[in-house]
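Enquirer: Residue 1 is where the sequence shown starts when you use the numbering used here, and the numbers rise one by one after that.
The hints are simulated quantities; they were obtained by calculation from the structure and are not laboratory data.
Accuracy of the hints is not assured; some may be wrong.
Stated by the list, open to error - Restraint-style ranges between C-beta atoms, simulated for each label pair:
1. 577 to 426: 35 to 45 angstroms
2. 404 to 498: 29 to 39 angstroms
3. 433 to 366: 28 to 38 angstroms
4. 504 to 743: 13 to 23 angstroms
5. 154 to 565: 55 to 65 angstroms
6. 786 to 387: 56 to 66 angstroms
7. 525 to 266: 28 to 38 angstroms
8. 426 to 607: 24 to 34 angstroms
9. 137 to 117: 20 to 30 angstroms
By construction, the Cβ of each residue, glycine as well, lies at the ideal position given by its N, Cα and C atoms.
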Amino acid sequence: MIPGSAADLLPMVFARPREALAAARRLLESGPPAAEASIAHQVIGIWERDFGDLASGLRHLRRARRLAALSGSPDRQADVLATLGAAYIRAGRVRQSLAALARAVALAEAAAPSGGRTLPRILFRRAYVLEVLGRHREALEDLRRAVPLLRRNADTIWLARAVSIRARVHLALGSVDRARGDVQLAETLFGTTGQEHDKAVAVLSQGIVASRSGDVPAALALFDRAERRFAEFGTPSHEAAVERGRILLVAGLAAEALKEARAAIERLDRLGGPPLLRAELLLVAARAALACGRWEAAIDRARAAARSFRAQHRQAQELAACLIALQARHRAGQVPGGAGESAGGDAGEGEVSLREAVGVARRLSELAPAEAPRAWLLAGRVAATRGRPAEAARYLAEAARARTRGPAYARVDGWLARAMLAETAGRRAGVLAACRRGLDLLDEHRMTLGAAELRARVGSQGAELATLAQRAVLDDARRLLAWSERWRATALAVPPVRPPQDPELLRDLTAFREISSRIDEARAEGTAAPALEREQRRLERAIRNRMLALRGRGETAALSDPAARFDPAALLRELGDRLLAEIVVVDGRLKVLLCGRGRVRAFDAGTAARAAAEAEHAASLLRRTAYGRAGGRLEEGALRLQEALLGAAVPHLGDGPLVLVPPGRLHHVPWALLPALRERALSVCPSAAAWLRARRIRPPGGPVVLVRGPGLGSGGAEVPILARLYGTATVLEGEQAATAPVLKHMDGSALTHIAAHGAFRADSPMFSSLQLHDGPLTVHDVERLERAPYRLVLAGCDSGRMEPVGGEELLGLAAALLPRGTAGIVASTAPVPDRAVVPLMTALHEGLGRGLDTAEALLKARAALPPDPLHQAAGWAFCAIGAA
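Could you build all of it, start to finish, from the sequences and the hints given here?
Expert: Below is the structure:
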């Protein structure tokens, strides 16, 4: 139905977009006069500009301009010209955009010298364009004229739009509080209107303010909410994709940001979307590729973004893209392209030109001060590699100014520059002080995060600070231990946030299990289930988005209180007759810190690269042995792995109990396979501090719980044997071996044994799972426990694997349980045949029943196994994690 007045179509386009589009097309079919036809084409042009094909939108808007001229109305002409100007900027046609807007302002001022209703609306549109171009002061001047006029006219919709853009200008100028006030005002104003699409844009603006303030959970929640609102209208928001990509980078989710940016670029290209936003997405993709260490991809995308920004006359954004290309080139050691120094200059082959780096830094200081510290940091690095300490110090000092401005995570680079400056000057105390301040800031940022995944991934930003500190104390084993612990598995030290009893979250988790079970059934029958797989991915994304939006509780004692931090003396007292070997990586080489008997000693081992390669080879041989195919090569592989990992420390290990603390990337090593470790009680822990915390957990008086999942080759044959062994144990099998009863009974138990298939998800560790009767029990389910079992035995394959993220952090089932009260875990880090597990598990529990801890009981259980390769491989695949 066509509205009573054609003018009603214009506000409708952002209230009910599809309805407005259909009504405009019907209006044109009726052969209306020029003024009404102009409105109809303008509505179609706006719809195509924002939600469809930009080229088609421009054609309709130019037609609307011609019809407006025929109508003889200056206001009509001015309004269409302003809309066309906003469309031109999306197409990257800057001169045409500004010319159209200048002509629109002139027409509106001539028609109504005191302002009228059209002029402030046009000033708002020009402010939008100027904000996009980075000309923020000019944008603010237009808004200062527009807002009072809109308020005087009681033009609520346009006033809300104007203050929403003003919020973005304030953000760009560093006024976060003013920006927050404006987005709140915009939300209030839109709340009094029927502009549903504008309301979704207001939510997006709130997310942008939260993002720039460093509030990651709020930003993620708001962007997710905005995306859902846009999806309800069927109107894609490419800007939401840009902003979500930016906050994912802040959250440490670089691989996800890269994937989403690439997908958004592909969608944009299919739809013929605006070059303006394509350039922004390329910039996000370049930043993400840089963070992922994909130098070539970062360079390619950054250069493409820079070309696009240059064509759009957006100098600040062009410089930001150039900086990313320089950073990637510096990391990759590539030859500078076209802007390098001559043969007599300071840049050789494979190096970034110092002149280039300094030039970009100086221009960013003028046009985009928030980006400049990274550029000065790069200039400092380049000058240091050129052997120019005085220049390096000057540039690093510029970068260090950022340590006092912005949200916590943004100040870390400033402290990194300060630490590098102190290292250049040979001041060890200065290096350590700056590293401490930078890591404290990251702890402060971590406290705002409730999701375990985000708390772990944010650690990547502190990796270089931790390395600088380790390098500074390399000659002091005890201090090296303390600094290595400062940034190792720190997320596990933070009291976990239990997900709320959110009905939607619980519903999605239940639906995810059901869909996953149906997919498994379809695969078992040899049929494809693409619709089910799409729904599974949708549910997985919905669950994860809710979890990522969890807020931290603001704990400070766990990490920021010096008294609560790791104390080497306390570790040495607690070890007793044990030894603890912490393997640390400093500048690519392994050092073994052997702790015990009142001292800490350091020994050299292999390189991190060699250790990783030998670990993969040994794991492959172990898998082959488990299925009778490796032969004697396993022993050779085990010896090479031992040499790479433990090096000169091997003769000093003794023969008593040993705790191993490997780097995150080496946690999957089958440690019991190493010849020097086979005949000892061996436990593995993410950090020495985590081992200490586990030692202090007091066992509860809870029950023993035995769970037998479906589909096991052995049928979970050990469970009836263990039931007889424990006598009063709670046994869950069949329909009782489902998520709800298993979680209920294992909560606070003294010991839980789960015989079930395990599935490790390296791509999404929080969806690693155990297969129960009603589907997968994921890490997200385990996080709902009030108190994890004191001891947990996981008899399935891969159940003990954890994914290294964020430097020295870990994600997986074990990582979720340790901070929730589990003191000891027995689990597998490799696939093993089900039938080989039964005798190992039976012997293990016999040892636990005699009062042994998990490491001692697992050692005795291995010794009791049949001597054939299959059973030996199964024994080596399992490890004891923790301290009980």
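Enquirer: Taking the CB of residue 154 and the CB of residue 565, does the distance hold inside 55 to 65 angstroms?
Expert: Since residue 154 and residue 565 have Cβ atoms about 59 angstroms apart, the given range 55 to 65 angstroms holds.
Enquirer: Does 28 to 38 angstroms hold as the CB distance between residue 525 and residue 266, or does it fail?
Expert: Check passed, 33 angstroms falls within 28 to 38 angstroms.
Enquirer: Using the C-beta atoms of residue 137 and residue 117, is the stated range 20 to 30 angstroms upheld?
Expert: 26 angstroms, holds
Enquirer: If you check the beta carbons of residue 433 and residue 366, does the distance land in 28 to 38 angstroms?
Expert: 31 angstroms, holds
Enquirer: A range of 13 to 23 angstroms was offered for this pair. Does it hold for the Cβ distance of residue 504 and residue 743?
Expert: 18 angstroms, holds
Enquirer: Just tell me: holds or violated, for the beta carbon distance of residue 577 and residue 426 against 35 to 45 angstroms?
Expert: 41 angstroms, holds
Enquirer: If you check the beta carbons of residue 426 and residue 607, does the distance land in 24 to 34 angstroms?
Expert: 27 angstroms, holds
Enquirer: Is 56 to 66 angstroms respected by the C-beta to C-beta distance linking residue 786 and residue 387?
Expert: Check passed, 59 angstroms falls within 56 to 66 angstroms.
Enquirer: Return holds or violated for the Cβ distance of residue 404 and residue 498 against the range 29 to 39 angstroms.
Expert: Roughly 36 angstroms apart at Cβ, these two residues keep to the hinted range, so it holds.
The structure is consistent with each of the numbered hints, conforming to all of them.
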